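Novice: One letter stands for each residue in the lines below.
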Amino acid sequence: MSSAVDSGGAVRFAKNPVVQFLAAGLLVLVVVVIGTVQLSSRAADEEALNDAQSTTELLARSVAQPAIPRGLAAGNPGAVDRFDRTVLRRLLVGEVRRIKIWTAQGRIVYSDETRLIGDRFPLGPEELDVLRNGGTEAEISDLSEPENRFEPAGQSLVEVYTRVKSPEGEPLLFEAYYSATDIARRREQVYDAFQPIALGGLLVLVAVTTPLLWALTRRLDRTGRDRARLLERAADASESERRRIARDLHDGVVQDLAGTAFALSATARDPGTDTETARRLEPMASSLRASLRSLRSLLVEIYPPDLRADGLEAALEDLVAPAAAAGVTARVEVYDVAHASADAVRLVWRVAQEAVRNALRHSGASHVTVQVQQAGDRLTLDVTDDGAGFDPRKPASGLGLRSQRDLIAEAGGRLDVRSTPGGGTTVHLEVR
Amino acid sequence: MNVPLARTVAGAAVATALLSLVAPPALARNGDDRERRGSCSGSTDWKVKVGPEDGRLEVEGEIDSSRRGQTWRWRLYHNGSLSAHGLRTTSGSSGSFEVRRTSVDLRGTDRFTLRARNTRNNELCVGTVNY
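Protein sequences appear in the order of chains A and B. Be aware that the first sequence starts at 1, since it is given in this note's numbering, and climbs by one per residue. Be aware that the second sequence starts at 1, since it is given in this note's numbering, and climbs by one per residue.
Take these hints with a grain of salt, some might be off.
To be verified - A short, non-exhaustive set of chain B residues, derived as facing chain A with CB atoms under 8 Å: (1) Asp45; (2) Trp74; (3) His78; (4) Asn79; (5) Leu82; (6) Thr90; (7) Ser94; (8) Val99; (9) Thr102; (10) Ser103; (11) Leu106; (12) Arg107.
No wet-lab data here; the hints were simulated from the structure. Since the model is a prediction, treat every value here as computed from it, not as a measurement. Note that beta-carbon positions come from the ideal geometry of N, C-alpha and C, so glycine has one too.
So that you can see chain B by itself, here it is in the shape it has in the complex (with noise of 0.2 Å):
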């Protein structure tokens, strides 16, 4: 049992990596705001934006597969630690969705990662910004 969730996750890990050489992601500031955006193992994108948000920080996440219907699982972590999770589905036009959570901003730099794995066919998004 073991055995295939080390390959799958070896194997997310390396295509994670080429993807990252292939097409890194992008930074951008807005004032305050920290936003990232990235490509997933297929033909999604992703996005996570960390700004100040009444004494917190607002964590915005997207993934965009421009099909609606797909189901995503997803995670938040900070700092490395679980900070929220769910399960979601495309919809819209854009056959997105779009997930926000807050979370304290801690002393020194906060990290944010946002993991979002398609039930279906497994295609991985992972999106990090520093803040």
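Chain A extracted, bound-state conformation (with noise of 0.2 Å):
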């Protein structure tokens, strides 16, 4: 019982519009942070080298070039020591961590690394592509590679090379070589100014948009609850109305035609009636009683006589009544209903009420059965027949049971109507 009170609070809280807001808001924020992080990531490293691209070409052009001299190119060591000398300073600047200058036949003809110059390495397509055609390339250092035996183990490089010309107008690669920390804290600078601008932006946004939701769902369910009020109070007053007239004619009218019919009886069955007065008195009398009854299915049809649980099974016998005159054979079930509060009970009839009489007049129905019995702490109510059906999807034209459906809901019920086109509808309420 209590798992059931904690299962309907769980589905209460989650259909909430302030939960599902703050559910959706939380899963836009999880897609936003993931791609800002993918976007920010990816255009950081764009960013980082592209920095280290133009760093080694303004390097390359500005700095190293203009000072090759005559003689570097072919390994002369005085051109390699006035190189040194001259630009060693200027090349080791920021993140750069190792320059190389190549032959195109692969050999090291200066790096700040002396004891790689004079090594040969053969290159690889890119670099001689870059050598051939210019431009500037960079890749991940590969740190096995012999080139790279004088670096620290455990860090990682980014190689960026261009093309650089010697005097003698000897194509050469200019090298420079910058740490993948470096970059991958450039990539960080990037991304922290990224953050705030696409996380900051949506919090403040629903940081916003909670409050004014609260509001207008704490209105939307107060206008909700007033109309539910106001409809009931309307079926209230409706229930009265009919009601003080079935009392007026039941305590009126009824008891006279009663009275009528029964003097009418009693008069053709006097022995001191003439036989031909009491044959014509007679078909009066059963006219009058069938009239009579047709006048109580009218009043209970208006407002049962008795809406308490043990009397519940009495007033849709009397419901049903009706449907012996239209050729319908109708049936009504009730089980264990003895503890099914008043409320209930009305609105169980109530729908039964409205029910029966859409199977009686429009559906075409040959058998209808009204069945009501307690299932847990719910009361259910089935009445099927076996009419023309309808499709469920159209908009249905009645108000009858459409208007019900919101004071069922004030009451914790729930409604369904089951019908296909030719396969009978079967109207199925709980209630608690």
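Fit chain to chain and form the complex, with the hints in mind.
Specialist: Next comes the structure, spelled out in structure tokens:
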């Protein structure tokens, strides 16, 4: 029982628009965070590599190339000395970790790591392409390559290379190495700049709209409750009026007609009445009794005489009484409803009244079953007919059951109408 | 034009050889440094010192003529290739000058040669250190 209540509470909590909005907001936040991280990481990578490429081009064109002496490309030690003295401090600036200058044959003619000078390693296709066609390329350094044997272990480098020319006109490959950690730091700087814009804006939006939505939801809830109360009052007023009319008819006209029918029957059976008169009076009395039954059914339809749980079955029997006159077989089954509340019984009767009326008037059914039973803490009603049925997806023209949905919802109940064209109709109600 | 130059070079070479025979350069070691001293074709002395310096080699050359105001044209060769050159004048009470240059430490033996010539009397100093 408590688990059912907990489950109901959880469902109501989940249906709360503010909760739904916050959940959607959280989801969007997560998506934006992931998207921002990916986009900013990509942008930051590009930005960092662009920075490294720009720096390399600047060093190559403005610092290295003008200072390359004659003989450097040929590997003359004096030319190497002069170049080293002239530009070393101007090349190892900022995040530059290593400089190498290569010939097209793969010989290192200069490096700030002088042990590499004179070594020869084959150049890759990208490097040869830059040597032939110019441009600037960047890639992650493979530290297992022998040309990188002097780099400290455990670090990651990015190498950027571009073309320069010696005074003799020989193309040389100028290569600058940057620490990947420096590039990652640069990426974090770019990402840090992105983050407040993307996330802060969204958080502010959620913070601003949540109170507004909360206020709107409260107003809608209040309006809904007012509407339900209004409907209930209208229903109560209508019920009171029907009860007054039914009582007046029952206490006045019905009693008079019953007395008249009884008097006619008594007179017809009186031995003092002649045979001819008795023969004419008997059909009159019979007709009067039939009219009386019809009037009673009408009274039941207007207002049931007893809407307590123990009178529900009789009231439903009265409700389906006109079915016989319409050629419809009706059956009422009521099980174990002794503990049902008066409000639940009244609601069940109202819905049954509307459903039976629809079945008899519109469905063309030959059988109608009204079944009421207690299922756990809920009272259930099923009104089933084998009539023409209809397509529930099409909007219904009548207001009967539709107008009662709000009352049912307000009472914590649920109404389902299941039907298919040609397959009959079942009206199912559950109410606490 | 080539003849006087050839004569000068040949004369200087002969003089250098003779000087070497008369007073061979002294080699000294001080830690990782290597130093050589010797005499020039006249009365001047030279000194060349090579030692490691911050991942490079520092080459220090000194010409000591004991006379102030002499102008010398000097050249520093690294493995026979011109690494640095300049014009200096002797000064101070010792009448000397000193030049310092850094060079890259290449694979194998690095040979540094300091050549200095007095612009007035053509006295020639040639000092070499292998490192």
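Novice: Against each hint, give a clear statement of whether it holds in the structure.
Specialist: Comparing the hints with the structure gives:
{"no.": "1", "hint": "Asp45", "verdict": "violated (25 Å)"}
{"no.": "2", "hint": "Trp74", "verdict": "violated (14 Å)"}
{"no.": "3", "hint": "His78", "verdict": "holds (4 Å)"}
{"no.": "4", "hint": "Asn79", "verdict": "holds (4 Å)"}
{"no.": "5", "hint": "Leu82", "verdict": "holds (4 Å)"}
{"no.": "6", "hint": "Thr90", "verdict": "violated (24 Å)"}
{"no.": "7", "hint": "Ser94", "verdict": "violated (27 Å)"}
{"no.": "8", "hint": "Val99", "verdict": "violated (13 Å)"}
{"no.": "9", "hint": "Thr102", "verdict": "holds (6 Å)"}
{"no.": "10", "hint": "Ser103", "verdict": "holds (4 Å)"}
{"no.": "11", "hint": "Leu106", "verdict": "holds (6 Å)"}
{"no.": "12", "hint": "Arg107", "verdict": "holds (6 Å)"}
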